[in-house]
Every structure is written in C-alpha cells, then in structure tokens.
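**Q** Once you have looked at the hints, place chain C on chain S.
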Amino acid sequence: MLYAETISKSYGERNVLSEVSLSVEAGSACVVIGPSGSGKSTLLRCIGLLEPADMGAMTLDGKKYSLIADRKRMDPPWPDLTVVFQQHFLWPQLTLSENISRPLERRMSKPEIRRTMGELIELFDMADFIRRYPNEASVGQRQRVALARAFALRPRYILLDEVTSSLDVEQIEKLFRHLVVLLSSGIGMVIVTHLLGFAKAIIAAAPKSSIVFLDGGRITESGGRELLESPPPGRMSEFIARMQLAS
Amino acid sequence: MWKILFEYREGFTSGLMVTLALTGIAWGVGLVFGTVFGWLAHRYARSAGLALRVLAFLTASIPVIVLLFWAHFPLQVLLGVVINPFLTAAAVLSIVNILAVAGIVNAAVKQFPQELITAARVCGLSEWVTLRRVTMPILLRQITPSLLNSQVVILQCTLFASMISVEEILRVSQRINATAYKPVEIYTALALLFLVVCLPLNIIAALLKRRFDRNLSER
Numbered sequence: 000m001l002y003a004e005t006i007s008k009s010y011g012e013r014n015v016l017s018e019v020s021l022s023v024e025a026g027s028a029c030v031v032i033g034p035s036g037s038g039k040s041t042l043l044r045c046i047g048l049l050e051p052a053d054m055g056a057m058t059l060d061g062k063k064y065s066l067i068a069d070r071k072r073m074d075p076p077w078p079d080l081t082v083v084f085q086q087h088f089l090w091p092q093l094t095l096s097e098n099i100s101r102p103l104e105r106r107m108s109k110p111e112i113r114r115t116m117g118e119l120i121e122l123f124d125m126a127d128f129i130r131r132y133p134n135e136a137s138v139g140q141r142q143r144v145a146l147a148r149a150f151a152l153r154p155r156y157i158l159l160d161e162v163t164s165s166l167d168v169e170q171i172e173k174l175f176r177h178l179v180v181l182l183s184s185g186i187g188m189v190i191v192t193h194l195l196g197f198a199k200a201i202i203a204a205a206p207k208s209s210i211v212f213l214d215g216g217r218i219t220e221s222g223g224r225e226l227l228e229s230p231p232p233g234r235m236s237e238f239i240a241r242m243q244l245a246s
Numbered sequence: 000m001w002k003i004l005f006e007y008r009e010g011f012t013s014g015l016m017v018t019l020a021l022t023g024i025a026w027g028v029g030l031v032f033g034t035v036f037g038w039l040a041h042r043y044a045r046s047a048g049l050a051l052r053v054l055a056f057l058t059a060s061i062p063v064i065v066l067l068f069w070a071h072f073p074l075q076v077l078l079g080v081v082i083n084p085f086l087t088a089a090a091v092l093s094i095v096n097i098l099a100v101a102g103i104v105n106a107a108v109k110q111f112p113q114e115l116i117t118a119a120r121v122c123g124l125s126e127w128v129t130l131r132r133v134t135m136p137i138l139l140r141q142i143t144p145s146l147l148n149s150q151v152v153i154l155q156c157t158l159f160a161s162m163i164s165v166e167e168i169l170r171v172s173q174r175i176n177a178t179a180y181k182p183v184e185i186y187t188a189l190a191l192l193f194l195v196v197c198l199p200l201n202i203i204a205a206l207l208k209r210r211f212d213r214n215l216s217e218r
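Sequences listed follow chains S and C, in order. Throughout the first sequence, residue numbering follows numbering that gives the first Met the number 0, covering 0 to 246 in sequence. Throughout the second sequence, residue numbering follows numbering that gives the first Met the number 0, covering 0 to 218 in sequence.
So that you can see chain S by itself, here it is in the shape it has in the complex (with noise of 0.2 Å):
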C-alpha cells in the first residue's frame, strides 16, 4: 500500500500543496483530478520523492519514508515507485529502443530484455520508429516510449502524470487496457488526468480505486466512482461539467 500523509509544499509565499494525504492499495488506482495550477504533478513529484515538501511522509508497503528528507540520506524506492511525466524527458542520446531497454540491463538478462523489448513494442504499435532517436518521433511516439520504458521496469506503484495529454484515442484505449491489466496485477497507480472518461474507466476496471478533486492545493473532494457521476454541487461540480464538455 502506498500511503502520503499531510504533504506540504511552498513556494516562496505561494501554497502549492496543504496537507494532502491520500492512499493508493495494491492493483488500485487514485485517480487526481482538478485545474491547471492546483498542485497536482507538484504532488506526484513529491510523492515520487523528486522534490522534497516542506512537511509530509510517505509509507510504501510498510517502509515510511519522510517527504522532507535529503533524498541522499535515504534508499529511494525507484523504480518499484517510478513516474511517467507528461514531457516524456527521453535520453536524446539514444535510440526510442535504447530508451527502453537501457534501465534494464543490470535488471534483466538480454533474452529477458529482448522479450520484454517485444512485448511492448507490440502493445504499443512502436516497431515502425523504435529505432529513431527522439528528436526524430512525434510527440505521441515520445509518450508511448516513455510509457513502455516506465512498464519495462516492473514498479509495484507508478505515478503518471496526463499521460494521455499526446495520445490518439486508439493509443488511450491501449494505453487503458494495458492499466486494467497491470492493475489486476496489483501494481497501484496514481493517475493525474484531465480525460474524464478515462478517469470513469480506470475507476470501474478496478473498484478499491478512489478519486480526489485538488483544488488550490487542497483535496476538496474524494471518494469512489459515484463522486465522478454526481459530483457534489460546487467547485468540482462545475470542473467535472467542463470535463465533460472538454470530452
């Protein structure tokens, strides 16, 4: 289980995140959504332990790790924890192929490596440019190799922050069905998303999923699928309208 209690963070005079706390169980998803600006890939980076809060702890599978420690004091969780960002941050210096197989070697054997190389070339329609560099691939190419790289490793959690946001929809739809599949595996994910349906989806395929509405930094809203289908009236209530329409 992964577990963020009370996370913090500022900048400056500017609250980015109060006391936010949310829990994800194994082969579950917690699905954030909420404005641009509310707070939600700073909360992903905290969680993921790439920038520290100003208070805040995290407990992943009963080992607590406190959110406002020098990361080089402690033994970070990576890759069981990994993250998908939204801008892809591929290693220009290598092929879309290597981007992928790189992380591996001293994880995998090479036939290892090669068959996991083949399954999500496969899952991911990449055979036709997994051997370009990235400065060569479209941008939704990009996506789809961050994805399978983040995949490749194997995490118990991962955190995806708008992954969709350069996706075809056939390449969302893929994109879903490999999550319910990773989520029947027990892997836990945080999903931040601005595609309502996508959002519905991933709540239904796996039901101890949640969903919490940040706003201004702040969890206003959380609960299960029924919060997506009738929000209460207010704030999230007028998001989850523009959602919709956005859909």
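None of these hints come from the bench; they were simulated from the model. Predicted, not measured: the structure shown is a model, and the values here were computed from it. Glycine included, C-beta positions come from ideal geometry on N, C-alpha and C. Among the hints, a few may not be true.
What the hints assert, rightly or not - Have a look at the derived ranges for each label pair, beta carbon to beta carbon:
1) C:MET135 to S:HIS177: 53 to 61 Å
2) C:ALA50 to S:MET54: 52 to 60 Å
3) S:ARG106 to C:ARG42: 26 to 34 Å
4) S:LEU244 to C:ASN201: 35 to 43 Å
5) C:LEU49 to S:SER184: 53 to 61 Å
6) S:ARG217 to C:SER125: 46 to 54 Å
7) S:SER35 to C:VAL195: 53 to 61 Å
8) S:PRO34 to C:ASN201: 51 to 59 Å
9) S:ASP53 to C:SER125: 23 to 31 Å
**A** Frame of chain S; chain C shown alone:
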C-alpha cells in the same frame, strides 16, 4: 615554395616543434584544469563561480597579445625575475585556455536538463550509472564543438608568442624571410600549414555541432 621549405627545413621544423609544444601545453593544461575549474564553478557558485566570472571578464577584455607583453615585461620587472619567454607564453596561453574551457564546461553543466537525471533516477539507475550513461555522454556532445573551436583559437594565439621572442613558427618564418626575402612562398607555406591543422578541426566542430544539436533537441 617547396624549394624554400626544403632549404630552410631545419629552421621551419624547429619553429614548428616550438609551436606544437606551446599548443600541446596550453591544450593539455587548459582542458584538464579548465574542466575541473568549470565544474567547481558550478558546484561552488559563490566562490569558484564568482572567480571564474571575474577572471573570464578580465581576460575577455584584454587582448592575448597584451597579456603576453604584460607577463613578459612589467610583471617580471615587478617580481625581479627573468623567465624564459617560452615558459611565459606557455603560462599565459594555458591560463587563457583554462578560463575558456572552464567557461564552456560551466555553461554546459548549468544548462544541463535536470529532468534527464530525474528520469534516470525514477528508472532506478544509480548515481554512477547516471553519470556514466546519461550525464557524461550528453555533456560531451554539448561541449565538444565549442571546445574544438576554442582549441583552434588557442593554436592561432601561439603566433603572438613571437612578439616576446619565442622561436615559434611565425618568428622563424620572419627570420628566414629576412634572409631569403621570399615573403610570398614563406607566408603561403605558413598559411597552408595552419590551414592543414585548423581547417579539419573547424570542420569536425561544425559537423559535430550540427549532429549533436539535432540529436539533443526534443522538438
């Protein structure tokens, strides 16, 4: 031209060797200490970084030839010492190169996209593997073209050493010309010599820059 070159081959060879020695020292010292200084300037921005900025600003404002003259004449008078002009030229060119290399390294380290290191971390790569397989290859690609260009400039700056009586290739050429009076042949040979060394380095730098710029951009 070939006749003159052959006739004065010993003089040309000795001048060329002095130029190459001067260049070798300036390149070696500059690349090693400049890289270290550049990294320190990034790591300790308030001390080493400030020192690099001030020194780079000063040396950029003073022509190399003036620095050479100043180090050869007034400085030695002030210190009450007499130093071999070759050593003076080697020291000045090395310092200029250290600052040039440090500036290039410091700028590259500063501008390095930290997100690529973050991506390596969340993929479970260790600090050492990240340095070896992610940071260094990208940094080398970024700095190599600029380093090559700066080393060509240093090679060309060795000619200024003739002004403080270092017996390098230009000074030797001037002396031979004073005897043979064949300026067209002698200085054409000198130009060709520099062309043979500098042109490939410049072409390599331009090609690498084009290739690496392309590979490092994520559109």
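**Q** Now tell me if each hint is right for this structure.
**A** These are the hints, each one checked on the structure:
no.: 1; hint: C:MET135 to S:HIS177: 53 to 61 Å; result: violated, 34 Å
no.: 2; hint: C:ALA50 to S:MET54: 52 to 60 Å; result: violated, 38 Å
no.: 3; hint: S:ARG106 to C:ARG42: 26 to 34 Å; result: holds, 31 Å
no.: 4; hint: S:LEU244 to C:ASN201: 35 to 43 Å; result: violated, 57 Å
no.: 5; hint: C:LEU49 to S:SER184: 53 to 61 Å; result: holds, 54 Å
no.: 6; hint: S:ARG217 to C:SER125: 46 to 54 Å; result: violated, 37 Å
no.: 7; hint: S:SER35 to C:VAL195: 53 to 61 Å; result: holds, 59 Å
no.: 8; hint: S:PRO34 to C:ASN201: 51 to 59 Å; result: holds, 52 Å
no.: 9; hint: S:ASP53 to C:SER125: 23 to 31 Å; result: holds, 28 Å
Comparing the model with each earlier hint shows violations of hints 1, 2, 4, 6; every other hint is respected.
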